[in-house]
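Undergrad: Quick note, the sequences are listed as chains A and B, same order.
Just so we're aligned, residue 695 is where the first sequence starts under this note's numbering, counting upward by one.
Just so we're aligned, residue 30 is where the second sequence starts under this note's numbering, counting upward by one.
Hint data in this document are derived by calculation from the structure and do not stem from the laboratory.
Any given hint could turn out to be false.
Stated by the list, open to error - No farther apart than 20 angstroms at their CA atoms in a straight line, the calculated lysine to aspartate or glutamate pairs in the DMTMM-like style are these:
{"id": "1", "chain 1": "B", "residue 1": "K374", "chain 2": "A", "residue 2": "D833"}
{"id": "2", "chain 1": "A", "residue 1": "K957", "chain 2": "A", "residue 2": "E1008"}
{"id": "3", "chain 1": "A", "residue 1": "K704", "chain 2": "B", "residue 2": "D231"}
Claimed, not checked - Footprint (simulated), chain B over chain A, 3 or more residues, beta carbon under 8 angstroms:
{"id": "4", "region": "993-1005"}
{"id": "5", "region": "1053-1061"}
{"id": "6", "region": "1065-1073"}
{"id": "7", "region": "1083-1095"}
Claimed, not checked - Computed beta-carbon distance windows for the label pairs:
{"id": "8", "chain 1": "A", "residue 1": "L924", "chain 2": "B", "residue 2": "E381", "range": "35 to 43 angstroms"}
{"id": "9", "chain 1": "A", "residue 1": "L924", "chain 2": "B", "residue 2": "G150", "range": "37 to 45 angstroms"}
{"id": "10", "chain 1": "A", "residue 1": "L924", "chain 2": "B", "residue 2": "V314", "range": "40 to 48 angstroms"}
{"id": "11", "chain 1": "A", "residue 1": "R932", "chain 2": "B", "residue 2": "G44", "range": "39 to 47 angstroms"}
As the structure is a computational prediction, the values presented were derived from the model and not from experiment.
Beta carbons are placed, not taken as given, at the ideal position from N, Cα and C, and that holds for glycine.
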Amino acid sequence: MTTGALEGLKVLEYSDFISGPYCGKLMADLGAEVIKVERPEGDHARRWGPFPGGKSHPEKSGLFLFLNTSKLGVTLNLESEQGREVFYRLVEQSDVLIESSPRKEIKRLGLDYPSLKKINPALIVTSITPFGRTGPYKDYKGSDLINSHVSSEAFGNPTEGVEDLDKYSPLRGPMHTAEFMTGLTAAVCTMSAIMGRGKGKAGRHIDVSAQEALASVTRQELAFCLCEGLCPTRQWGRKRVGGFLYQCRDGYVNIWIGPHWQKLVTMMGNPDWTEVELFKNPARRAEHQLDCNKLIEVWTREYTMAEIDRMGMEFDVPLAPVRTVREVVNDEQLAYRSFFVEIDHPAAGHFKYPGAPYKLSATPWAVKRPAPRLGEHNEDVYGRMLGYNQSELTAMKKAGIIQ
Amino acid sequence: MKKGTRKRPALPLSGIRILDFGQMWAGPHLTQWLAVMGAEVIKVETHLRLDFMRMIGIPPGFARDNFNAGTAFASLNYGKRSITLNMNEPRAQELAKKLVKVSDGVTENYGGAILERWGLGYEDMKRLKPDIIYYAGSGYGRSGPAKSRPSYAEIVEAYDGSTYLNGYPGMGPATVGVSPWTDATQAMHGAFAIMAALYHRDRTGEGQYIDAAMIEGSSNFLGEMVMGYTMNGELGERRGNRDKVMAPHGCYRCKGTDEWVAIAVDGEAEWGAFVKALGSPEWAVKEEFHDEKSRRQNQDELDGLIETWTRQHHQYEVMALLQKAGVAAGASLNIKDLVGDPQLKARRFFIEAEHPVLGNITLPGLPWRPAGKQKGNYSYPPLLGEHNDYVFGELLGLCEAEIEKLKDDKVIY
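Please put together the full structure from these sequences, using the hints given.
TA: Listed below in structure tokens is the structure:
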């Protein structure tokens, strides 16, 4: 059996919901040993869903199950002195701690970096907060919604712009993609610290700001603004080059014109209007993009998404139908690449999950085990790894330190 | 070393060399991360086919074809070195092979297996450098029926399901954001994967091939949507700024023109604090708003009432007032606001560089900082072919005359 790229790396995750757990998942699915420490009531994602049949159950939340593959799961009551002692023992033998609690909360619990550094100087601590741990907003609250807006991600959404600025607000993106981006940023930052730790094994504290993680995505517009003073408006029709939505018979397609204009014209069967100077000349066409798009739409409305998709392949025009998750899960390309993985979870059952975000030839991405049930690995971690004996474990259970 | 001076610890990726064939957005942003973290990134370009981003965002006052003045390029390529190679020339391919031999990784995001045509497929590279890490990023991946299809961020977003779920509740689908969201997703998954592969190589001596498809990375970002379908056949719905649990949860008009603030109230305690912060208006005690579920059911009415208050204030006032009360609120910033945001300024998110063509430029940094007082490698984005002499001379040991000849022959071009 092949091993994962991060085999041997020990990661502690004390983090709720999405960003921290996604960071942990990226490491766990590449072979790191990730121990997820949950409060006795469990991760918030356990209460989020989706649940099979819509019935809420802490072991059956789709979001939790997806985000916590390959991890070991323990519960720990960090409000107690003894619980903290146990946590410190885990810290002693870890390379990385991922946490996303408010700054003051982590200090109150005695889990702040200066305290942990004393226990394990080689430890890398990755702290994820909405605005970072310095600056005037360091103690402000955030969320997927808030972080999307304070980073200008929401102001630019939707790409097409809106017809009435007063009627339509800036818009956050679909699902919790902002949280995922924050988690991915944390993973990249953490990995660099692992690479940089070198022989001296000096640990460090990494301060990840969700606002910055998302603002970074708007870097191109930031550059235009900083260098030229430009500021994109939310006005309808602000897009110029390509990536437009067109209605077709049974839905929408997105077509990227840009340098592919001639191929698109051929695909449409060389309609007369494309011969008019106004549209033939790329610079003039850009000035009349909305009109041009209306004419393209006259054509797309005649066809179904599937028909246009096939023509796109034939004529090599970059386009895609606007697909629902049903088409994504049943996609031929993704099936060919065995992207979705089937995971059998003892409580939740057997489902398809999104698979590898990258295919590594020598150390393939792999799900080691399904997401842990609440406290599933308490005995394994506290008993086998930390060496607490049975009577100590029983006493800890009685005291409410572990489940 | 001088007495009393301490050598700065090296950046985490110092000593790593990446040969980068990336262009457009995802490829360059990936290697920009590695460069800022200390890797030596050699970007392979050519006058024959410029990186499109070199021509985007050329400020007024510069010729429209000044490929060293593109600010989009600048925002995606700092910290790198640039060489020019006309890869149609066998001698250029030979030079590239020599560079592979002295590199730790090779990255590219071409639309297909272009490198293979140049004799630089993974198997070829492995013969040159057995522990090489070769990263190929593409829209659909390097295998399967769609492997050769051209892709752009908006296309991938339509394909992966995010466009369908993006938009205002009750209205049609919409494309996500103003920036190429899926490109950023791919760039950063790629940076993570390459570092993981380097970690593995450092311990085992084994290199590898990384095949990264944009749709596969972005489908992970949409894991919640996928699970809803595989569990229950749900297609999901456009929620916009709303939440399936929290209410109020939205974006509200403020005093100024097109000025907005986002507010998210989580649970009863925060609702109490929120109402108090608004000065306990009478409407807040209405039966329709007595718990989270009823507030959610009566959101349209609730949002209208909240707006009568937010409209009297500026976005930052609402943000400060509510945050002080323990409620999550954030100004909905446009790009200009973001540049002036006190938090980003205080954290020095923006970096300055002296650029030989553009002059003094300020650009967004990365959401990463090295340890201690070190600075990331934010040297200015390279001019086209700026490092030809260094790379072919110092690294490969060609003499000046040889380099001149290769330039004259348009091999180094």
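Undergrad: Taking the hints in turn, state whether each one holds.
TA: Hints, verified against the model:
1. K374/B / D833/A: holds, 16 angstroms
2. K957/A / E1008/A: holds, 10 angstroms
3. K704/A / D231/B: OK: K704/A and D231/B at ~17 angstroms, within 20 angstroms.
4. 993-1005: With 0 residues closer than 8 angstroms to chain B, the region 993-1005 of chain A misses the three-residue bar; violated.
5. 1053-1061: holds (count 5)
6. 1065-1073: violated (count 0)
7. 1083-1095: Contact hint for the region 1083-1095 of chain A vs chain B: violated, 0 residues under 8 angstroms.
8. L924/A / E381/B: 35 to 43 angstroms: violated, 19 angstroms
9. L924/A / G150/B: 37 to 45 angstroms: 42 angstroms Cβ-Cβ, so the 37 to 45 angstroms window holds.
10. L924/A / V314/B: 40 to 48 angstroms: With Cβ atoms ~47 angstroms apart, the hint holds.
11. R932/A / G44/B: 39 to 47 angstroms: holds, 44 angstroms
Going down the numbered hints, you'll see the structure goes against 4, 6, 7, 8, while the others check out.
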